[in-house]
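Student: Chain residues, written in single-letter form:
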Amino acid sequence: MSSFNNPHYFYLFAMTNGKKKIAYGSSPQDAYESLRLRLTEQEMANIVKDQFTRIAQRELQAHVHELG
Amino acid sequence: MKRLWLDNGDLGVFFKSSGPHERWQDHGLGLLRTILRDGGVETDLFSLRSLTSWSDLPARLEGYDILIMNVRSYTYPFAYKAAQSFKQVNPKSWVIVGGMHATVAPDEMEAIQEFDRICQGPGENVIVDLLKDPAAFPRLVMGVGAKSMSGWPMMDRTLWPNPNLPDFPWPLEPECGWDPGPVATLLTSRVCPWQCVFCNESSYIPNMGRKSVDQTIDELNYLDDHFGPLGSVVIHDSMFFQHPSWLKEWLDKYPRRAHKPWPYWAAGRTDTVRQWPDLFEALVRETNWTTISLGFESGSDRVLKILNKECTAEDNDFAIDLVNRIGDDLERQGKQVPKLWANIMLGIPGETREDAFDTIRMLRRMKHVLPSIAYYAPYPGSALGYQLIAEGKSRMTKENYHRYPSDEKVKGIDYPFYNALLKGKYDSEVNKELPAWARPKGRVRRLFDRLVRA
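Chains as they are written, first to last, in the working numbering: chain A, 2 to 69; chain B, -15 to 438.
No wet-lab data here; the hints were simulated from the structure.
Misleading hints may appear alongside valid ones.
Unchecked claim - Computed from the model, here is a short list of chain A residues facing chain B with C-beta under 10 Å:
#1 Phe5
#2 Pro8
#3 Gly19
#4 Lys22
#5 Ile23
#6 Tyr25
#7 Gly26
#8 Ser28
#9 Tyr33
#10 Leu40
#11 Glu42
#12 Gln43
#13 Met45
#14 Arg59
#15 Gln62
#16 Leu68
Nothing here was measured: the structure is a model prediction, and the numbers come from that model.
For each residue, glycine too, the CB sits at the ideal point set by N, CA and C.
Model the full assembly from the supplied sequences, consistent with the hints where possible.
Tutor: See the structure below:
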């Protein structure tokens, strides 16, 4: 009963090119690993695993221009 | 000032035979025109859906001072074209736009010089003043919504466009293949609070109170009295099956207070079904919830995680088993069997062939099902859509948001594989993992025909 006992959050991870990558999960680690489900190893290598900020869903639009 | 509200949609669908969903009426239009009328602001109405050719549009637009349009992402190209046409025949006029695309993609709206005022967010508490004096507002107007849907007036459905078709019971709507017509569509709640990254609608629209159960039933009884007899109801809420206290009141009152417990279509999530199974079962059995729309999306936990669905394949299986069991029981009793309107998504970045097979297997385990299958579309406004656009992986552009079901929407997706999968080319692979009862027997309707516009 996923959303009732395991709520997810949005995280913005820093990237080596100065952009950010949006990810989501129950923790920063879970969110980072979720990215691996759709990105290549090369794409994952551009993400700085330990530099992230948690954002609320309602703040999504404010960060759109940072994404890459 | 002469004001024209232009209803957006596919050209010609109010003329020729077309799918029921292309002929749904626009609740935003109906509500806002009701509020405008009550506020002393008259608007004329024309529908693009009543046009057969774009070349006929200028004559319909000429002589007006203000054009108003509710713009969704998939009607954005139409709105752009209509605004250009309006300005050509009325150079000193105003074009005022709002709606979901204005809310999620204001940059794209601001790039169109013909859009003079762009209302971002809910418009119900600003539209009267905006249309009386657009010059008093900045170009990007922050909408003001009601705190609760109970604060909305009852929508006057005679303010909807009338297609004047023999099979269209205006101001009610035609049957759409689920339950009998005439159909009353309505909203009891607005915005799904979950965070699925193909949608994220609650990023843009603040929480608001649900329409009361009494108000909902009163509206249905009014429609039955004035325009009926009603055949069935479609509750358009993104998430009907939430707020247990509201649902319990609906369970108590709908069968008693409504003129008739009209069969209805309404939506939920599988984890909510698993959270409140007794309430779900009671609603299905006692309130005539005959078409149960559930957002399954995928049979694979990997893909559900990519979509941030916050449901698991196990949640999906729980809901399928429960609906199958209720259906079997009602069938034994000779009663109407509820159908699952199964929302399925394929072509998701990161999805493997085995994930897709799991999704088709999940679909095959549904005994009474109306599959609604779409290829994932990275619309701006959603978290995954924004991210894929930023990664340069989207094939969608603002000129082609109005996509056809089998169009290719994301780079790197093997669409020929998915087309073949839905045409049954991989059935032997899919079926070998299924129990015997779930394997299709005889001639199978191709799932490709169930592919819908995303």
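Student: Next, verify each hint and record whether it holds.
Tutor: Now the hints, each set against the structure:
1. Phe5: holds (5 Å)
2. Pro8: With a minimum Cβ separation of about 7 Å from chain B (threshold 10 Å), the hint on proline 8 of chain A holds.
3. Gly19: Result: violated, 13 Å to nearest chain B Cβ.
4. Lys22: holds (7 Å)
5. Ile23: Hint holds; isoleucine 23 of chain A Cβ to chain B Cβ min 5 Å, cut 10 Å.
6. Tyr25: Where the cut-off is 10 Å and the nearest Cβ of chain B is about 4 Å from tyrosine 25 of chain A, the hint holds.
7. Gly26: OK, holds: glycine 26 of chain A within 10 Å of chain B, min 8 Å.
8. Ser28: violated (13 Å)
9. Tyr33: For tyrosine 33 of chain A, the interface hint is violated, since the closest Cβ of chain B sits about 12 Å away, which is over 10 Å.
10. Leu40: holds (8 Å)
11. Glu42: violated (13 Å)
12. Gln43: violated (12 Å)
13. Met45: violated (12 Å)
14. Arg59: At 6 Å from the nearest chain B Cβ, arginine 59 of chain A passes the 10 Å test, so the hint holds.
15. Gln62: holds (7 Å)
16. Leu68: holds (4 Å)
Violation of the numbered hints given earlier is confined to hints 3, 8, 9, 11, 12 and 13; the remaining hints are satisfied by the structure.
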